[in-house]
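**Q** If you read the sequences in order, they're chains B and Y. Note that the numbering used here has the first sequence beginning at 0, numbered continuously upward. Note that the numbering used here has the second sequence beginning at 180, numbered continuously upward.
It should be emphasised that the hints constitute simulated quantities derived from the structure, not laboratory data. Hints are not guaranteed to be accurate.
To be verified - Lysine to aspartate or glutamate pairs mimicking EDC-like chemistry, simulated, CA-CA at most 16 Å apart:
1. Lys231(Y) to Glu242(Y)
2. Lys64(B) to Glu85(B)
3. Lys277(Y) to Glu57(B)
4. Lys6(B) to Glu221(Y)
5. Lys231(Y) to Glu248(Y)
6. Lys239(Y) to Glu195(Y)
7. Lys231(Y) to Glu102(B)
8. Lys247(Y) to Glu195(Y)
9. Lys239(Y) to Glu187(Y)
10. Lys6(B) to Asp25(B)
11. Lys64(B) to Asp86(B)
12. Lys277(Y) to Glu102(B)
Predicted, not measured: the structure shown is a model, and the values here were computed from it.
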Amino acid sequence: SAVISQKPSRDICQRGTSLTIQCQVDSQVTMMFWYRQQPGQSLTLIATANQGSEATYESGFVIDKFPISRPNLTFSTLTVSNMSPEDSSIYLCSVGSVQANTEAFFGQGTRLTVV
Amino acid sequence: GNSVTQMEGPVTLSEEAFLTINCTYTATGYPSLFWYVQYPGEGLQLLLKATKADDKGSNKGFEATYRKETTSFHLEKGSVQVSDSAVYFCALSQGAQKLVFGQGTRLTINP
Numbered sequence: 000s001a002v003i004s005q006k007p008s009r010d011i012c013q014r015g016t017s018l019t020i021q022c023q024v025d026s027q028v029t030m031m032f033w034y035r036q037q038p039g040q041s042l043t044l045i046a047t048a049n050q051g052s053e054a055t056y057e058s059g060f061v062i063d064k065f066p067i068s069r070p071n072l073t074f075s076t077l078t079v080s081n082m083s084p085e086d087s088s089i090y091l092c093s094v095g096s097v098q099a100n101t102e103a104f105f106g107q108g109t110r111l112t113v114v
Numbered sequence: 180g181n182s183v184t185q186m187e188g189p190v191t192l193s194e195e196a197f198l199t200i201n202c203t204y205t206a207t208g209y210p211s212l213f214w215y216v217q218y219p220g221e222g223l224q225l226l227l228k229a230t231k232a233d234d235k236g237s238n239k240g241f242e243a244t245y246r247k248e249t250t251s252f253h254l255e256k257g258s259v260q261v262s263d264s265a266v267y268f269c270a271l272s273q274g275a276q277k278l279v280f281g282q283g284t285r286l287t288i289n290p
């Protein structure tokens, strides 16, 4: 299993500003994933963060809006840039084991409100 | 592409009732299937999983069977409790632990 710590747990931000969310894992993992959960909706994958290479973004998400860093095998950050109220969501970090098709573990999430 | 369709909620039941939450999927090949649960104010937790056809995942009285012929992974529990009130997500993955989620079903159990 993996223990994932996300910071901050929640924040209220002004529109036009940026927020960086941190994700720390208690073990080394190859891939980390960032998801968004908009109010009352399901989780949507934003991007896959690989150590030592550029993040891979899903359709509808771009690096300029959601830049991601992955400096080592236990840490990643997601920045939500130039925020608008539509960015109000829960953002979750996830990791999996090296074995394919096994359980993914999730952080507690960051609840972001943009005003 | 891959997709997951869940029974629409919200679902409200009385304690000790039988629960079924339907989940069907579309995928090429043989995905792994999961049920995740999100209790109020908490993060997402794995409830159960199945990695191949005919596998049955079970945990905390919940069960789901991987049915390849009907591309389904319905969640069942014989007797629900108030503490089961949560949002339930069906999901699939095809390697790399990247998950595709259903829309979620909010379950409320009344005493």
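**Q** Next, verify each hint and record whether it holds.
**A** Hints, verified against the model:
A hinted pair counts as satisfied when its Cα atoms are at most 16 Å apart, and lysine 231(Y) with glutamate 242(Y) qualifies at roughly 15 Å. Restraint check for lysine 64(B) and glutamate 85(B): satisfied, since their Cα atoms lie roughly 13 Å apart, inside the 16 Å limit. Proposed proximity of lysine 277(Y) and glutamate 57(B) is supported: the alpha carbons are some 11 Å apart, at most 16 Å. A distance of roughly 15 Å separates the Cα atoms of lysine 6(B) and glutamate 221(Y); the hinted pair therefore holds under the 16 Å criterion.
Restraint check for lysine 231(Y) and glutamate 248(Y): satisfied, since their Cα atoms lie roughly 12 Å apart, inside the 16 Å limit. Taking the CA atoms of lysine 239(Y) and glutamate 195(Y), the gap is near 14 Å; set against the 16 Å cutoff, the hint holds. Restraint check for lysine 231(Y) and glutamate 102(B): the C-alpha separation of about 14 Å stays at or below 16 Å, so the hint holds. The hinted pair formed by lysine 247(Y) and glutamate 195(Y) fails the criterion: a straight-line CA distance of about 30 Å is larger than 16 Å.
A threshold of 16 Å between alpha carbons decides the hint, and for lysine 239(Y) with glutamate 187(Y) the separation of about 23 Å lies outside it, so the pair is violated. Taking the CA atoms of lysine 6(B) and aspartate 25(B), the gap is near 14 Å; set against the 16 Å cutoff, the hint holds. Restraint check: the Cα-Cα separation between lysine 64(B) and aspartate 86(B) comes to about 10 Å, which is no more than 16 Å; the hinted pair holds. Annotation: proposed proximity of lysine 277(Y) to glutamate 102(B) holds, straight-line Cα distance about 10 Å (limit 16 Å).
Checked against the numbered hints above, the structure violates hints 8 and 9; every other hint is satisfied.
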